[in-house]
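Take the given structure of chain A and dock chain G to it, following the hints.
Now for the letters of each chain:
2 protein chains.
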Amino acid sequence: MINFENSVGIVKTKYFSFEEKIKLESGSDFGPITVAYETYGELNEDKSNAVLVLHALSGDAHAAGYHTETDKKPGWWDNMIGPDKAFDTNKYFVISSNFLGGCKGTTGPSSINTETGKPYGTSFPVITIEDMVKVQKKLIDFFGIKKLLSVAGGSMGGMQAMEWAIQYPESVSSCMVIASASKLSAQNIAFNEVGRTAIISDPNWNNGNYYDDDPPASGLSVARMIGHITYLSEESMHRKFGRRLQDKLQPNFNFDIDFQVESYLRHQGQAFVDRFDANSYLYITKAMDYFDLTQKYGSLAYAFKDSKSKFLFITFSTDWLFPPAELKTTARTLISLEKEVTYCNIDAPHGHDSFLLEVESQTRIITNFLKGVVA
Amino acid sequence: MINFENSVGIVKTKYFSFEEKIKLESGSDFGPITVAYETYGELNEDKSNAVLVLHALSGDAHAAGYHTETDKKPGWWDNMIGPDKAFDTNKYFVISSNFLGGCKGTTGPSSINTETGKPYGTSFPVITIEDMVKVQKKLIDFFGIKKLLSVAGGSMGGMQAMEWAIQYPESVSSCMVIASASKLSAQNIAFNEVGRTAIISDPNWNNGNYYDDDPPASGLSVARMIGHITYLSEESMHRKFGRRLQDKLQPNFNFDIDFQVESYLRHQGQAFVDRFDANSYLYITKAMDYFDLTQKYGSLAYAFKDSKSKFLFITFSTDWLFPPAELKTTARTLISLEKEVTYCNIDAPHGHDSFLLEVESQTRIITNFLKGVVA
Numbered sequence: 001m002i003n004f005e006n007s008v009g010i011v012k013t014k015y016f017s018f019e020e021k022i023k024l025e026s027g028s029d030f031g032p033i034t035v036a037y038e039t040y041g042e043l044n045e046d047k048s049n050a051v052l053v054l055h056a057l058s059g060d061a062h063a064a065g066y067h068t069e070t071d072k073k074p075g076w077w078d079n080m081i082g083p084d085k086a087f088d089t090n091k092y093f094v095i096s097s098n099f100l101g102g103c104k105g106t107t108g109p110s111s112i113n114t115e116t117g118k119p120y121g122t123s124f125p126v127i128t129i130e131d132m133v134k135v136q137k138k139l140i141d142f143f144g145i146k147k148l149l150s151v152a153g154g155s156m157g158g159m160q161a162m163e164w165a166i167q168y169p170e171s172v173s174s175c176m177v178i179a180s181a182s183k184l185s186a187q188n189i190a191f192n193e194v195g196r197t198a199i200i201s202d203p204n205w206n207n208g209n210y211y212d213d214d215p216p217a218s219g220l221s222v223a224r225m226i227g228h229i230t231y232l233s234e235e236s237m238h239r240k241f242g243r244r245l246q247d248k249l250q251p252n253f254n255f256d257i258d259f260q261v262e263s264y265l266r267h268q269g270q271a272f273v274d275r276f277d278a279n280s281y282l283y284i285t286k287a288m289d290y291f292d293l294t295q296k297y298g299s300l301a302y303a304f305k306d307s308k309s310k311f312l313f314i315t316f317s318t319d320w321l322f323p324p325a326e327l328k329t330t331a332r333t334l335i336s337l338e339k340e341v342t343y344c345n346i347d348a349p350h351g352h353d354s355f356l357l358e359v360e361s362q363t364r365i366i367t368n369f370l371k372g373v374v375a
Numbered sequence: 001m002i003n004f005e006n007s008v009g010i011v012k013t014k015y016f017s018f019e020e021k022i023k024l025e026s027g028s029d030f031g032p033i034t035v036a037y038e039t040y041g042e043l044n045e046d047k048s049n050a051v052l053v054l055h056a057l058s059g060d061a062h063a064a065g066y067h068t069e070t071d072k073k074p075g076w077w078d079n080m081i082g083p084d085k086a087f088d089t090n091k092y093f094v095i096s097s098n099f100l101g102g103c104k105g106t107t108g109p110s111s112i113n114t115e116t117g118k119p120y121g122t123s124f125p126v127i128t129i130e131d132m133v134k135v136q137k138k139l140i141d142f143f144g145i146k147k148l149l150s151v152a153g154g155s156m157g158g159m160q161a162m163e164w165a166i167q168y169p170e171s172v173s174s175c176m177v178i179a180s181a182s183k184l185s186a187q188n189i190a191f192n193e194v195g196r197t198a199i200i201s202d203p204n205w206n207n208g209n210y211y212d213d214d215p216p217a218s219g220l221s222v223a224r225m226i227g228h229i230t231y232l233s234e235e236s237m238h239r240k241f242g243r244r245l246q247d248k249l250q251p252n253f254n255f256d257i258d259f260q261v262e263s264y265l266r267h268q269g270q271a272f273v274d275r276f277d278a279n280s281y282l283y284i285t286k287a288m289d290y291f292d293l294t295q296k297y298g299s300l301a302y303a304f305k306d307s308k309s310k311f312l313f314i315t316f317s318t319d320w321l322f323p324p325a326e327l328k329t330t331a332r333t334l335i336s337l338e339k340e341v342t343y344c345n346i347d348a349p350h351g352h353d354s355f356l357l358e359v360e361s362q363t364r365i366i367t368n369f370l371k372g373v374v375a
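Those protein sequences? They're chains A and G, same order as listed.
At position 99 of the first sequence the residue is numbered 99 (my numbering), and the sequence of numbers has no breaks.
At position 324 of the second sequence the residue is numbered 324 (my numbering), and the sequence of numbers has no breaks.
For reference, chain A alone in the conformation it holds in the complex (with noise of 0.2 Å):
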């Protein structure tokens, strides 16, 4: 059974549709579209309580909470978000919504377009952050939201998060942005350009044609892989496995799993398989790689030159995909902008996972930060 203890409870993912044509930032018009979202607490008579959380590349708009009562595992960001945690649902209405591209519940590759009968495939649009951001205020505005409280997200997250300062100053009082970065680095591309690669180098994939066949199981797996070798630390990948071997004494001396860090690895990718669509990991690593606040506006001060929220910043030591250094020299930019800001460093071993699990030294943080946020 379920301890519901400072828990949310039993949630539903519920659906927002609308059949106007959103403007992408590639020119193209793109529309209907429906979101997927779900809410925690209760939103205040003037609506000056609500608090939207951004989710990162995998995520989904199951935030906290349960879906059913045998659930094993609740929402992705359960331990932040619920009765006296962090984003405190007896205090804040907390709005979690899946973005564009996605494939739990809003519209993305996989959804069928109503002009064709089929599912896009690769005839979706290439979309990108600020896409992303844009039908994430229709669903405020639906909500008759004239300002958020707060926008808050980690990794892919913290990008929404400082779009949505950008494009809607008026709309948003405070802006966190966790173990993530303005731009995307070299790196950073090259990683996410490997799991492309392999994805569409997968026969299954057919030029992402795929719906009514077997999808390419193996490449998007290869993909998440990839993909969790840098969300963990050396240091964590050491404590988590070292160089044990896993169920024997002995290393095989062939080409089946030897080490703990080998089946942990393939675990995750094929896990991945069954919950994630390709071609969403494909449109949202794009997504991730256009990502550069300096490039799109001029420079970094310029693009938050309008911006009226307070800034919280959090970093962690170890996380290697988007180094604490990055995200410092965003806060010191809009310090030089006297915009409020508080940016942390967390001294924590599990790299960029971390925003996903050290939640003392974060609750205390946020919790602190959103006192001093009025709407």
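No lab work stands behind these hints, which were simulated from the structure alone.
These numbers come from a predicted model, not from an experiment.
Since no wrong hints were added, every one of them can be taken at face value.
From the derived model, a few chain G residues whose C-beta atoms are all more than 12 Å from chain A:
id	residue
1	Val11
2	Lys21
3	Gly31
4	Lys339
Okay, derived cross-link-like pairs now, BS3-like style, lysine-lysine, Cα gap no bigger than 30 Å in a straight line:
id	chain 1	residue 1	chain 2	residue 2
5	G	Lys134	A	Lys248
6	G	Lys91	G	Lys147
7	A	Lys23	G	Lys248
8	A	Lys248	G	Lys23
9	G	Lys183	A	Lys240
10	G	Lys305	A	Lys248
11	A	Lys91	A	Lys73
12	A	Lys339	A	Lys296
13	A	Lys138	A	Lys305
14	G	Lys240	A	Lys183
Cβ coordinates follow ideal geometry from the N, Cα and C atoms, glycine included.
What follows is chain G alone, placed relative to chain A:
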């Protein structure tokens, strides 16, 4: 035309074969074996000036000079081997051999099994660094060399060099270990495992029986792309490519190549397919994964207790594949054993690849080190 100044000039790969089987670390016997090798400089009368150079994962026996007058590139360590270079061929007789399990002339999975008349494929035995060194010893015996003035290698070559100093303490006057490690870390194993999974999931791999058919080119290409990310530092990727677009001013908004770093990686992946055997990639990375001197000998100190050689360890500040700290620990252990040890950490931006690129500093260090070595 090639500029032959300071070059060993035109060289030829030679072959040495022996019929008797060797005892592999796995316990099985294996033979016959052919070894591809090259030599540069002249062996002196008392055979006391021989230096054995050991290559890395994708290297071969062709370490210096050119095979033909129209070659575009010299051997892989040509900047270090030649008249007046670090391995000065006016003084030393340099031997370079392709290791067991490779695909560059020495017996490996793509070689013909004389018993079946077909390529070994995955019937080739799983081999170790020690097995490779055992084969190299046969080559040295064939030359009638009792004691090598030095064994030297970068990356996986450094692992072979250490195993030489351990296995054949009477046969090695000095040992140079560059950009290497006394064991693979969990992260190292993880990267290797993803590369192997990419190869094995390629339908063309066909359990290793592809020699009459198309090879698993896309799997091997993905494996190589992953490798290349680990060979460069984030800094060198940033310097080399940054976020520069490939031959365009705006991103494509499709899945073609957008960034220079993508183009570079795809090129590296595809070029590798033309010159390397996928099965060899599996066997060699497995040999690396198994390399762990502490586990094998009980402790690092015990591993090296009988070694009689002088040691030179070189690491590079931005090498995150084999971080300096690991080899520094090995050097410290040898100092505690009162061995003669030189350890240098070179401040270099190129990551792991520095051992192929940092010519000046390595030349200075190696030249000085060799001055103090007497066979």
